[in-house]
Amino acid sequence: MDGIALLTITVLAVFVGFEVVSKVSSTLHTPLMSGANAIHGIILVGAIIVAGQASDPWVLAVALLAVVLATANLVGGFVVTDRMLEMFRGRTKQLPAKKSAAVDTKAKEGTR
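The number in my numbering is simply the position in the sequence shown, starting from 1, with 321 added.
None of these hints come from the bench; they were simulated from the model. Hints are supplied without guarantee of correctness; some may be wrong.
[To be verified] Estimated spans, in silico, between C-beta atoms of each pair:
1. VAL401 - ILE363: 14 to 22 Å
2. LEU353 - THR329: 22 to 30 Å
3. PHE409 - THR329: 35 to 43 Å
4. VAL401 - GLY367: 16 to 24 Å
5. MET408 - VAL380: 20 to 28 Å
6. VAL396 - ILE370: 28 to 36 Å
7. PRO378 - LEU406: 29 to 37 Å
8. ALA334 - LEU381: 37 to 45 Å
The beta-carbon is built from N, C-alpha and C at its ideal position, and this holds for glycine as well.
All chains should be built: construct the whole structure from the sequences, respecting the hints.
Structure below.
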């Protein structure tokens, strides 16, 4: 393929991806992130295999770059998923704090 066709496919993929992701409701983002993390884990394993079998130095450099980027993407996905799950967890009810004697005395004096 020539460069114009590849650029056209890339631009169209960006627009379609943006439209699909922007239409997903917030309650579905966490399961989608979990699925994406599984895919990123497979990509990381593939990059490690390619790096292990590389014979040319430039293939090894690209494979190691792929390992680093896939690792960053995988870790970032887990961090985002964890933060999103924190939003859905119920808030724990805190017991009311005991007031000190000084605060109670001032409150009583203000009501007199």
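**OP:** If any of the earlier hints don't hold here, list their numbers in rising order.
**Re:** Numbers 5, 6, 7 and 8 - these are the hints that the structure violates, sorted from lowest upward.
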